[in-house]
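S.K.: Chain by chain, the residues:
Protein chains: 2
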Amino acid sequence: MAEITAQLVKALRERTGAGMMECKSALQEAKGDLAEGEVVLRKRGIASAHKKSSRATKQGLVGSYIHHGGQLGVMVEVNCESDFVARTEDFQNLVHDLAMHIAAADPQFIRKEDVTPAALEKEKEIQRARVVAEGKPEKMADKIVEGRLGKFYEEVCLYNQPFVKENTLTVEEYIKTKIAKLGENITVARFTRFKVGDE
Amino acid sequence: MAEITAQLVKALRERTGAGMMECKSALQEAKGDLAEGEVVLRKRGIASAHKKSSRATKQGLVGSYIHHGGQLGVMVEVNCESDFVARTEDFQNLVHDLAMHIAAADPQFIRKEDVTPAALEKEKEIQRARVVAEGKPEKMADKIVEGRLGKFYEEVCLYNQPFVKENTLTVEEYIKTKIAKLGENITVARFTRFKVGDE
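Listed in order, the protein sequences are those of chains G and D.
Per the working numbering: the first sequence ends with 199, consecutive numbering throughout.
Per the working numbering: the second sequence ends with 199, consecutive numbering throughout.
It does not matter which identical chain is meant; a pair holds if it fits inside one copy or across any two.
Dumping the calculated BS3-like pairs for lysine-lysine here, alpha-carbon to alpha-carbon at most 30 angstroms:
(1) K151 to K10
(2) K43 to K195
(3) K112 to K195
(4) K10 to K31
(5) K122 to K58
(6) K43 to K143
(7) K122 to K10
(8) K124 to K24
(9) K178 to K165
(10) K195 to K31
(11) K195 to K58
(12) K195 to K165
(13) K124 to K112
(14) K58 to K10
(15) K112 to K176
Calculated from the structure, these hints are not laboratory results.
Input sequences plus hints: build the corresponding full structure.
M.R.: Okay, structure coming up:
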C-alpha cells in the first residue's frame, strides 16, 4: 500500500476542502495519487466539481495594463523566488512595464523555444521565397534564411524584443538587470493580450 | 481572375501597412485570399512578420481585475454592438463586475456549449460512480446523472453561475438585464484568469 504522507493529505484538503480522514481514505484508495484522490472524493459526493483552492508553488505577481479606453488589455504573470521580492516596488514596476511592453509590442511567444514548429516552418518558407525573389543564389538560401530568423525572433518573442522603454536593451536583458538588483531569479510565466474584436 | 474589391485592398493594407498598389497586386496573386495576400507581401519583403494592426470587427471593452495584492488576476472581453454603448458607464460597470465575478467564482467555460466533451464525460463518470456508491438502482443512474449535470454547469460555466453580487440571478440573467437596459446584444467573448504559481 502506498504511504499516505501528512503532506499529501494536506495537499488534498487544500484542493478539495474535505476533512482530514476523508482525504486520507480517498488517498489510500487512489494509491497516493493526488488527482485520483480528488476524483475518489467527488465520486463519494464529498468534494465539489469546483476546486476550492490551489496552492501557489511559486511567488510573483499578476499585473494588467488596459490601453486605448479599454480596447486593448494585457495580463502577465511574473515569477520570482520569494514574496518578499514580489512585494518590492522594483518588482511591481517590472510587472507593470512588462504588461505595457506587451500591449505595445504584441509578442506572440515568451522565448525562442516557445515558437511553435508550425510558425517557424511557415516563416522559413516565406524567407526562402523572399531570397529567391531577390535573385540570390539558391545554394545560399538556407544560410540567408537562418540569418533572417534572428529578426523574426526579435519581432515575435517577448524576450528578444527591444524593450519599449529602453530600446538599447532586449526585454531579457532588462529583466536581467532586475535579477542582478533584486538577487532572485525572475521569469515571465505567461501573458495574454486581448484586443476588442480580435479572435 | 478573382475580383479584387477596394474593401479587400483596404483590409490587407490595414493588416500589413503596405501600399495600395502592392496590396492589390498581392491579392491578385493570392486570388483574393486575404491571409494568402499577406503571405505574398511578406515573401516580397514588403510586409513584416508583425501584423501592424487588425481591424476590430466588434465593439466592446477589455476589462481586468487584480485581486489579493497581485496574486490573482482576471481579464475579460465583453462585446456589444456600438462603441456608443461600450462607452456608457453601465457597460463599463458590467465589464468590471464580470471580471470581479470571474476572480471570485473561477468559471472554466463561458457557456454550457463550451464545456469540452472530455470534461463532460469525466463528470458523467464521476456522477455515475456516485449514484452507484449511494446504492441507487443502476437503471435510474442515467436519469440521476443528467439531473446532477445542472449543478455541474452551475459550478463551471460563467453564464450558469449565480452572479456574485446578486445571487438570485445567474450571470446570464444579469447580462440580460443590461441588454434590456442598453438595447444592444451583449456577450462575453473570452476571459482568462491567472493565479500566481498555477499552471
